[in-house]
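All chains, please: the whole structure from these sequences, using the hints.
Residues 10 to 388 (our numbering) make up the sequence shown, in order.
Worth flagging that the hints you see were computed from the coordinates, not collected in a lab. Glycine included, every Cβ here is placed at the ideal spot set by N, Cα and C. Each hint should be verified, as a subset may be incorrect.
Taking CB as the label site, the calculated pair distances span [claimed, not checked]:
1) 135 with 373: 39 to 49 angstroms
2) 357 with 264: 17 to 27 angstroms
3) 323 with 205: 37 to 47 angstroms
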Amino acid sequence: MRFGIPKYRLPREVLDAEIARIVALGVSIELNSRVDDVLAAKRDGHFDAVFLAVGAHIAKRAYLPAGSAGRMLDAVEVLRSMEGEERPLLGRRVVVYGGGNTALDVARTAKRLGAEESVIVYRRTREKMPAHDAELEEALQEGVLVKWLSTIREAGESSITVEKMMLDEKGMAQPTGEFETLAADSVVLALGQDVDLSLLEGVPGLEIEGGVVKVDANMMTGHPGIFAGGDMVPGERTVTVGIGHGKLAARNIDAWLRVETWTHPPRPELASFDKLNTWYYSDAPKAQRPVLDMVRRQSTFEEVVGGFDPATAQFEARRCLSCGNCFECDNCYGVCPDNAVIKLGAGNRYAFNYDYCKGCGLCVSECPCGAIRTQPEEI
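Structure representation (structure tokens):
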């Protein structure tokens with residue numbers, strides 16, 4: 010997160026505070042400690058289980074004829090160097106080759122570093138671009154240009170040659186033989202990332218397919234006691250997914266160490282709109298998160314889309330409909346004509362005395378979030 014996400018998306022003071030919370034729980038973090046052999050590290054450290062989450066930090070390469078080319082960099086290197094004392098020298102005209110969120114991050118970073126032109130070259134159409142649409146909109150607002158249906162054929166000393174593409178009947182991009190020259194002081198390759206799996210060499214039972222590690226439903230690899238998650242296993246490569254993998258793996262590791270199997274608790278039924286009593290909730294206009302003005306967006310690394318102030322955040326949280334999840338509003342307790350609803354105390358919700366309940370359904374109809382349902386009594 011520190012070396013791959015720009016500051017304008019993730020302020021470092023926020024990240025530092027989150028890490029401090031984890032450390033405060035009693036987690037120890039050993040920095041500058043490379044692991045070359047996971048089995049040796051497991052044995053030497055007397056560990057019973059290992060969770061691997063090394064991420065994808067190796068930039069994918071593409072062959073580009075580049076005779077006397079100027080600066081050719083990879084996106085990972087550019088973003089990582091932004092955390093150093095010396096910022097990367099990209100020049101006034103920067104071309105980024107790729108179409109993912111990383112390509113947008115580099116193009117927007119280049120504008121903030123003073124580039125007059127920051128151009129993304131992408132071989133497909135906007136509809137096929139894997140980057141998030143909101144990220145693309147913000148980049149376009151900041152002056153980033155995109156050459157759709159284009160691919161780089163050659164890189165020179167101060168320019169690149171781009172070939173225009175066209176879609177065939179199957180929607181695939183095909184070359185047209187039509188070329189264009191773009192001025193470029195530097196070319197940044199943002200073509201995806203691979204995982205460094207060298208620390209897993211010689212691990213028996215562990216399977217690697219398509220450059221990622223195969224895991225089972227419990228996040229464990231084919232080698233007992235070695236679990237893995239995040240970018241190095243199949244799945245979407247986002248921070249949200251990585252954090253989810255960590256939580257899921259923690260539960261499964263805890264169970265495995267106890268010689269048990271963890272099973273996910275039953276999920277509540279989905280509460281459709283017709284099950285919600287929205288009139289219980291007050292109407293309010295949608296709060297807009299503050300957005301940095303364009304001048305500062307293009308010249309500083311301040312957060313582009315800010316968070317709510319405490320009062321607004323609390324107000325928005327109170328508007329949660331709690332769809333399908335009881336939040337102990339006491340409606341069922343208050344409307345029951347037969348005193349069949351029993352309060353179990355804060356956080357424990359309610360019990361129903363079926364000797365008193367006659368099945369009138371008032372609690373169901375008056376539950377604001379659809380957390381109660383009736384079903385026929387088994388005979």
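Requested in this report: Hints the structure violates: just list their numbers, smallest first.
Outcome: Violated: none.
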